[in-house]
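*Asks:* Chain by chain, the residues run as shown.
Number of protein chains: 2
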Amino acid sequence: MDKVYEFQKKNKDRFLNELLEILKIPSISADSNYSKEIIKCANAISDNCVLSGLDNVEICSTNGNPIVYGEKIIAKDLPTVLVYGHYDVQPPDPLNLWENDPFQPIIRKTNIHPEGAIFARGSADDKGQVFMHLKALESLIKTSSLPCNVKLLIEGEEEIGSPNLGDFIKNNKEKFSCDVILVSDTHLFSLKVPTITTGLRGLCYLEVEIQGADRDLHSGLYGGAVPNPIYILSKMIASLIDSEGKITIPGFYDQVDELSNKDREELNKIPFDEEIFKNSIGIKGLDGEKGYNTLERTSIRPTLDINGIWGGYTGEGAKTIIPSKAYAKISMRLVPNQDPDKISQLFIQHLKKIAPPNVTVNVTSFQGGKAYVLPSEHIGYKAAKKAMEKGFNLETLPYRTGGSIPIISLMEEVLKVKSVLLGFGLDTDAIHSPNEHYGIFNFYKGIEVIPYFYKYYQQMKKDKSHG
Amino acid sequence: MDKVYEFQKKNKDRFLNELLEILKIPSISADSNYSKEIIKCANAISDNCVLSGLDNVEICSTNGNPIVYGEKIIAKDLPTVLVYGHYDVQPPDPLNLWENDPFQPIIRKTNIHPEGAIFARGSADDKGQVFMHLKALESLIKTSSLPCNVKLLIEGEEEIGSPNLGDFIKNNKEKFSCDVILVSDTHLFSLKVPTITTGLRGLCYLEVEIQGADRDLHSGLYGGAVPNPIYILSKMIASLIDSEGKITIPGFYDQVDELSNKDREELNKIPFDEEIFKNSIGIKGLDGEKGYNTLERTSIRPTLDINGIWGGYTGEGAKTIIPSKAYAKISMRLVPNQDPDKISQLFIQHLKKIAPPNVTVNVTSFQGGKAYVLPSEHIGYKAAKKAMEKGFNLETLPYRTGGSIPIISLMEEVLKVKSVLLGFGLDTDAIHSPNEHYGIFNFYKGIEVIPYFYKYYQQMKKDKSHG
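Chains as they are written, first to last, in the numbering used here: chain A, 1 to 467; chain B, 1001 to 1467.
Chain A on its own, in the form it takes in the complex (with noise of 0.2 Å):
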C-alpha cells in the first residue's frame, strides 16, 4: 500500500481543490429552480469518475435527478464493493445566518479542526465524503493496487428522499449486483472516540394543511367565531406527544423493536456526555421520551419533529388577519421493524380523527424509508472496523445513529447485500444547517482509511471462502 499513500501524499492539493469546484454548484434537490444546478453537479461528479480512472462511466437519466454510475472490474472472483453516496444538498436558507456564502467554500481553522475546515453547502453532506471515495479510488487504480472489484453509483435525490433511485436500481440489478455496499454519509463519534455506524433511524416525512374560511379575513370582524387553522393546527402538534415524550398516534410504537439490554449495554459504551452536547448546541436543556437518555432518544427510540410551521402574516410589523389556511412539515424517525408506510398511514389517519370537524385537513406524505441494522458479525463490518483501527490507530466502536438514509434498507431488500457505514463527519459539522463544514483532518482521513477497507475486506472474503 506504500504507493498509494505516496500518490496521496503528491496529490493531496489537487484533491482539495477538485472537491472545493465540486462544492460551488448549488445542487439543491429541494427546490426545483435548482435543476440545471443538479445537471451542471452530476456532469463534474462524472468528470470526477473518469479523472479517477473508473470505466463505463455514465449519467443515467431517471424520472428526477440523474444518477452516476462508473466501475472498475479487474476480476470475476474478486468481491464486489459498490459505493453509494449522493451529490445533492439541502437548501443553504437561513442564507442570513452563514458567514460566507454557502457555495462560495471557504477553509477557516476552529478549535475542533485546527488543520482547517470547509465552509460551504454540502462539505460534509455529501460531496466530501463522496469526494474520499473518487480520490481513495484513484489511488488505488493509479497505482494498480485495487484489490477488489469496484462500482459506483452516486445520485441527486438523497435530501428529497430518493423517491427515484428505488426503482432504477430494481431494473438495474446486475448492474449494481455486488458483495458489499460502501457508504460516507455518516459521522464519527468524535476523532479520540472512532466509530462505525451500524444503525441508521428510517423516516416518514409529511405536510399538513388545514384549511378554514375560503380566504384570510379581518380577525377584528371575524374572531373569536370562526375556527383559526393556525390555532387548531398548533392544537393538534401540540397533542401529538405527550407529557412523557410518548407520541400519541395509535399504533406508533405497536412494531417497534426493543433493544435487547445487551445491546442496550453495548450501545452506552459510547462516552457520551449529555454537557458537552447540549453546549455543542447552545441549548439550556434537553428534553425526551422518559426512560431514555439522550444517547438513546437520538438513536434507538422512534420520535416526531415539527420541521416546519406556516400561516397567516409572517412580513414585518402588525397585519390583523385570520389566515385561510395554516401548513406544517412533520416528520418521523422510525426504528428497526416500523414501515414508513403503515407509520404515514396512522399518522393521517390519526390527524384527520383528531382536526375539529369545521375545517379541512389535507396531508401530504413525501417518500420516506425503513431503519437499518449492520451485525457485527458481517465481513462488511469487521473489516472496516480494522481499516479504521488502522487509519486511527485507536479502538473503533459500532455506533447507531439517529439520521436516516432511506436508500439503504430500499438497497438491502432489492441488492440482497448488507451497507457498511463508513462515514468521517462530526455531529458538529452543522450538516442541515447554516455553516455547514467539513474537517480537512477528516476529509484526508478518510481518503486514507478508504483503500484499507477495500485491501481487509478481500483478504476476509477469501479467508472465509478458503475457511
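Hints are computed from structural coordinates only; laboratory data are not their basis.
Possibly wrong hints are sitting among the right ones.
The calculated lysine-lysine pairs, modelled on DSSO-like cross-linking and capped at a C-alpha distance of 27 Å, are [claimed, not checked]:
{"#": "1", "chain 1": "A", "residue 1": "K246", "chain 2": "B", "residue 2": "K1353"}
{"#": "2", "chain 1": "A", "residue 1": "K352", "chain 2": "B", "residue 2": "K1246"}
{"#": "3", "chain 1": "A", "residue 1": "K246", "chain 2": "B", "residue 2": "K1352"}
{"#": "4", "chain 1": "B", "residue 1": "K1246", "chain 2": "A", "residue 2": "K235"}
{"#": "5", "chain 1": "A", "residue 1": "K445", "chain 2": "A", "residue 2": "K10"}
{"#": "6", "chain 1": "B", "residue 1": "K1235", "chain 2": "A", "residue 2": "K352"}
{"#": "7", "chain 1": "A", "residue 1": "K352", "chain 2": "B", "residue 2": "K1290"}
{"#": "8", "chain 1": "B", "residue 1": "K1290", "chain 2": "A", "residue 2": "K235"}
{"#": "9", "chain 1": "A", "residue 1": "K461", "chain 2": "A", "residue 2": "K386"}
{"#": "10", "chain 1": "A", "residue 1": "K72", "chain 2": "A", "residue 2": "K142"}
{"#": "11", "chain 1": "A", "residue 1": "K278", "chain 2": "B", "residue 2": "K1352"}
{"#": "12", "chain 1": "B", "residue 1": "K1352", "chain 2": "B", "residue 2": "K1342"}
{"#": "13", "chain 1": "A", "residue 1": "K353", "chain 2": "B", "residue 2": "K1284"}
{"#": "14", "chain 1": "B", "residue 1": "K1352", "chain 2": "A", "residue 2": "K284"}
{"#": "15", "chain 1": "A", "residue 1": "K352", "chain 2": "B", "residue 2": "K1278"}
{"#": "16", "chain 1": "B", "residue 1": "K1192", "chain 2": "B", "residue 2": "K1012"}
{"#": "17", "chain 1": "A", "residue 1": "K382", "chain 2": "A", "residue 2": "K173"}
{"#": "18", "chain 1": "B", "residue 1": "K1353", "chain 2": "A", "residue 2": "K284"}
{"#": "19", "chain 1": "B", "residue 1": "K1235", "chain 2": "A", "residue 2": "K246"}
{"#": "20", "chain 1": "B", "residue 1": "K1445", "chain 2": "B", "residue 2": "K1003"}
{"#": "21", "chain 1": "A", "residue 1": "K445", "chain 2": "A", "residue 2": "K12"}
{"#": "22", "chain 1": "A", "residue 1": "K416", "chain 2": "A", "residue 2": "K461"}
{"#": "23", "chain 1": "B", "residue 1": "K1462", "chain 2": "B", "residue 2": "K1416"}
{"#": "24", "chain 1": "A", "residue 1": "K352", "chain 2": "A", "residue 2": "K246"}
{"#": "25", "chain 1": "B", "residue 1": "K1076", "chain 2": "B", "residue 2": "K1173"}
{"#": "26", "chain 1": "A", "residue 1": "K464", "chain 2": "A", "residue 2": "K386"}
So the derived label-pair ranges between C-beta atoms look like this [unchecked claim]:
{"#": "27", "chain 1": "B", "residue 1": "P1357", "chain 2": "A", "residue 2": "Q255", "range": "26 to 36 Å"}
{"#": "28", "chain 1": "B", "residue 1": "K1262", "chain 2": "A", "residue 2": "G251", "range": "48 to 58 Å"}
{"#": "29", "chain 1": "A", "residue 1": "F441", "chain 2": "B", "residue 2": "E1099", "range": "57 to 67 Å"}
{"#": "30", "chain 1": "A", "residue 1": "N111", "chain 2": "B", "residue 2": "P1357", "range": "20 to 30 Å"}
{"#": "31", "chain 1": "A", "residue 1": "G315", "chain 2": "B", "residue 2": "E1115", "range": "26 to 36 Å"}
{"#": "32", "chain 1": "B", "residue 1": "E1316", "chain 2": "A", "residue 2": "D13", "range": "36 to 46 Å"}
{"#": "33", "chain 1": "B", "residue 1": "E1099", "chain 2": "A", "residue 2": "G285", "range": "46 to 56 Å"}
{"#": "34", "chain 1": "A", "residue 1": "E174", "chain 2": "B", "residue 2": "N1033", "range": "56 to 66 Å"}
{"#": "35", "chain 1": "A", "residue 1": "E275", "chain 2": "B", "residue 2": "I1039", "range": "49 to 59 Å"}
Treat the numbers as computed from the prediction; the structure is a model and nothing was measured.
Backbone N, C-alpha and C fix where the C-beta goes; we use that ideal spot for every residue, glycine too.
Given the coordinates of chain A, work out where chain B should sit on it, guided by the hints.
*Replies:* For chain B alone, coordinates are given in the frame of chain A:
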C-alpha cells in the same frame, strides 16, 4: 341641498376616476420598502383636498408617515366637524389569490354589487371611504352649501396602529379642536339594514419568538432529545384558549365591562343570520366562547387570534431540521374597560411563565388601542341616524363591530369629543384579504349621505343650544 346633489350627479364619473388613481398607489404602511409610495399617496390626498376647496391644506411630517390636513372654517359660531380617515393600506399578500393586481383597480359586477364594485387594496379600507368625504365636501363647498366648519385629518399609519398620531394630536390640540369627529372606516350590517357603528373593540398585537438551540439542527441527529421551538410554541398557543373558548391568561377578563341585558337585547335586534355568515366565508362550522352567539363573539367579547406563525423549513419538498427559532404574531381584541398596555403585560408574563426552562421567550409588543362606545343619546349619533334614514329610506340601527380603530379612543381622550362611525362598507368587502372591493353604489351613497349629516348635525346642535 338640491344644488349639492346636482353637482354630485354632474361630477359622478370624475369622482370615481379620481379614486381609481389613488388606489394605484401601494401605500403599504406595514412594509418599510413602500415608504416612497406612502409619500406619493400623501401628496395625492393633499392635491385632492385642494381640489375639494379646502383651505390651509398641508402635509404634516411626523416621526413616521405624514398626516394630510385641510380645513374649511365658515364661522366661529358654527359647530366644527373633524373628519378622520387613513390613506395607508394593508399588505396585499397572498398575492396569488388576487384576481387582479391589487394596485391596478378594476370594476366588476358581483351578486351583491349589481352596479359594480371596485377591486383593489384599499378600495373599502379606507381610501374609497376617505374619498366619499372629499367628494361630499367638494359638492358642499363648490355649491356654497357647507353648514358647519370642517377639519380633515387623513393619516398614513392606521394599519400599523397609528404609532405617531397620538403625539401629533396632543401637540396640536388647538388645530384639531372640534365638536365631533366623523369617521368612515366601518361597514353597514347590510344594504337592507343600514347601521351606525356605536362600538369598536380595542387591540393588543404582539410577536412571540421562541429559541431553542443556537442554530438549526438535523432532525435525525438531534430529534427526540432537544426542545423543538415549533412544538413548544404550538403547545403554548394551544394552551391560550380553553375548551370553552375562554382565554386562559390570568387576569384577562378582570376589567371586562359586561353588557347590560338591555344593551345585549338591542344588539341582537340586528337580523344576523349564522348560515349566511358561514356561507359568505365558505366555512363548515362556527366556533367560539361558550354562552355567546356569533354576533356577540365578534363584537362585545374579547378574543385572542393567531395572525401568523412561522419557523423551520417552509419551502418546497422535505428538509429535516429542528429550527433554532419559531415565531407567532398574536393579537387580542379588547372590549370597553380593558387596557391594552395592561393586557400586553399580562400576556408577556403568562407566556414567560408557561414556557419550559430550556427555551428563551422574547415578546415584542406593537401599538394597541382601547375599545370605544358611542351612546345613542349623542347628537352625533342622532344626526347620523337621520342622515342615513334620509339617504337609505330605511330604519337605521346601532351596531357594535369587532374591528379596532385604536385612534378613536385616543382622540376621545385627548380632544374630549366623541366620534361618529359612519361607514358604508359591507362585511363581504374582503378588507385585509385578497380581492378587497368596494361597491360603487356604496361609494355614491356615502357621498349622498354625508352632506345630510352636516345639515342635521348643525341643526340639532343649534336646537340644543337654543332649547
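*Asks:* None of the hints should be skipped; say for each whether it holds.
*Replies:* Against the structure, the hints come out as follows:
Proximity of K246 (chain A) to K1353 (chain B) is assessed by CA-CA distance (about 24 Å); at most 27 Å being required, the pair is judged to hold. This hinted pair checks out: K352 (chain A) and K1246 (chain B) have alpha carbons roughly 25 Å apart, not beyond 27 Å. Of the pairs offered as hints, the one joining K246 (chain A) and K1352 (chain B) holds, with about 25 Å between alpha carbons and a cut-off of 27 Å not exceeded. For the hint linking K1246 (chain B) to K235 (chain A), the alpha-carbon distance of about 15 Å falls within 27 Å, and the restraint holds.
For the given pair, K445 (chain A) sits about 15 Å from K10 (chain A) by alpha-carbon distance, which is consistent with the 27 Å threshold. Proximity of K1235 (chain B) to K352 (chain A) is assessed by CA-CA distance (about 19 Å); at most 27 Å being required, the pair is judged to hold. Using a Cα cut-off of 27 Å, the hinted pair K352 (chain A) and K1290 (chain B) holds, with the two alpha carbons roughly 24 Å apart. Taking the CA atoms of K1290 (chain B) and K235 (chain A), the gap is about 18 Å. The hint holds against a cut of 27 Å.
Simply put, K461 (chain A) and K386 (chain A) have alpha-carbon atoms about 14 Å apart, close enough for the 27 Å limit, and the pair holds. For the suggested pair K72 (chain A) and K142 (chain A), the alpha carbons sit about 12 Å apart, so the restraint of at most 27 Å is met. For the given pair, K278 (chain A) sits about 22 Å from K1352 (chain B) by alpha-carbon distance, which is consistent with the 27 Å threshold. Taking the CA atoms of K1352 (chain B) and K1342 (chain B), the gap is near 16 Å; set against the 27 Å cutoff, the hint holds.
Straight-line distance between C-alpha atoms of K353 (chain A) and K1284 (chain B) comes to about 16 Å, which keeps the hinted pair within the 27 Å bound. A hinted pair counts as satisfied when its Cα atoms are at most 27 Å apart, and K1352 (chain B) with K284 (chain A) qualifies at roughly 15 Å. Pair hint K352 (chain A) plus K1278 (chain B) holds up; C-alpha atoms about 22 Å apart against a cutoff of 27 Å. Of the supplied pair hints, the one linking K1192 (chain B) and K1012 (chain B) holds, its CA atoms being roughly 23 Å apart against a limit of 27 Å.
A threshold of 27 Å between alpha carbons decides the hint, and for K382 (chain A) with K173 (chain A) the separation of about 26 Å falls inside it, so the pair holds. Among the hinted pairs, K1353 (chain B) with K284 (chain A) is consistent with the structure: their alpha-carbon atoms are about 16 Å apart, no more than 27 Å. Of the pairs offered as hints, the one joining K1235 (chain B) and K246 (chain A) holds, with about 15 Å between alpha carbons and a cut-off of 27 Å not exceeded. In summary, the hint linking K1445 (chain B) to K1003 (chain B) is supported, as the alpha carbons are separated by about 17 Å, within the 27 Å threshold.
Proximity of K445 (chain A) to K12 (chain A) is assessed by CA-CA distance (about 11 Å); at most 27 Å being required, the pair is judged to hold. Straight-line distance between C-alpha atoms of K416 (chain A) and K461 (chain A) comes to about 17 Å, which keeps the hinted pair within the 27 Å bound. About 20 Å separates the Cα atoms of K1462 (chain B) and K1416 (chain B), which keeps this hinted pair within 27 Å; it holds. Of the supplied pair hints, the one linking K352 (chain A) and K246 (chain A) holds, its CA atoms being roughly 20 Å apart against a limit of 27 Å.
Between the alpha carbons of K1076 (chain B) and K1173 (chain B) the distance comes to roughly 17 Å, so the proposed pair stays at or under 27 Å and holds. Annotation: proposed proximity of K464 (chain A) to K386 (chain A) holds, straight-line Cα distance about 16 Å (limit 27 Å). Evaluation of the 26 to 36 Å hint for P1357 (chain B) and Q255 (chain A) yields a pass: the beta carbon distance comes to about 34 Å. A hinted range of 48 to 58 Å holds for the C-beta pair K1262 (chain B) and G251 (chain A), which are about 56 Å apart.
At roughly 59 Å, the beta carbons of F441 (chain A) and E1099 (chain B) sit within the given window of 57 to 67 Å. Judged by the Cβ atoms, the range 20 to 30 Å given for N111 (chain A) and P1357 (chain B) holds: they are separated by roughly 28 Å. About 35 Å separates the C-beta atoms of G315 (chain A) and E1115 (chain B), a value consistent with the hinted range of 26 to 36 Å. Restraint check, E1316 (chain B) to D13 (chain A): a C-beta distance of roughly 38 Å satisfies the suggested window 36 to 46 Å.
Between E1099 (chain B) and G285 (chain A), the C-beta spacing of about 50 Å keeps the proposed range 46 to 56 Å intact. For the pair E174 (chain A) and N1033 (chain B), the supplied restraint of 56 to 66 Å holds, since their beta-carbon distance comes to about 59 Å. Our hint of 49 to 59 Å for E275 (chain A) and I1039 (chain B) holds, since their Cβ atoms are close to 56 Å apart.
Hint compliance for this structure: no hint is broken.
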